[in-house]
Amino acid sequence: MAKATIHKEIESLAQDYDDVVIDGPPRVTELVRSIILAADIVIIPLQPSPMDVWAAAETVDLVREAQMFNSEIKCCLALNRKTANTAIGRDVREALKEFEVPILKSDIGQRVAFAESAASGTAVLHQKRSKAAKEITKFVNELRRIQ
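Be aware that the sequence shown starts at 158, since it is given in the working numbering, and climbs by one per residue.
Among the hints, a few may not be true.
As the list claims (entries may be wrong) - Below, a list of computed lysine-lysine pairs in the DSSO-like style, where the Cα atoms sit at most 30 Å apart: (1) 262 x 288; (2) 231 x 295; (3) 295 x 285.
What the hints assert, rightly or not - Simulated restraints on C-beta separations: (4) 245 x 172: 39 to 49 Å; (5) 172 x 297: 40 to 50 Å; (6) 277 x 227: 16 to 26 Å; (7) 257 x 185: 18 to 28 Å.
If you're looking for bench data, these hints aren't it; they were derived computationally from the structure. Nothing here was measured: the structure is a model prediction, and the numbers come from that model. Beta carbons are placed, not taken as given, at the ideal position from N, Cα and C, and that holds for glycine.
Produce the complete structure using the sequences and hints provided.
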């Protein structure tokens, strides 16, 4: 359902669910504007790279535009596919502070488990003791505290 009217339809689509996740394209489009207007929380995922930081800036600007119409929309940044203990990971986190948008503390690491679970049609949460499952659980718990 990739239509730029999702903000008008979300209420009827979401009525039977506690949480709805809408995954949008990483570029400025009418669809992305509609998704942002439909959201309670906009999570901007990015990899630790300068290109992702630049792209995130455009999305943060879109969220700020949407907040003029709905000041209740929340926004946060989430580091994904991060390699632990790297300079680029630390540098990107520092650069993101300039956006003045909350940055989730729960980073998602670059893990083979994500690709393996996708290939097998399962979720990493089924591997309860894996680092990937622990990261996702921590990430979700942090998101729930934002609401």
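Going through the numbered hints above, which ones does this structure break? Give me the numbers in ascending order.
As far as the earlier hints go, 5, 6 are violated by this structure, in ascending order.
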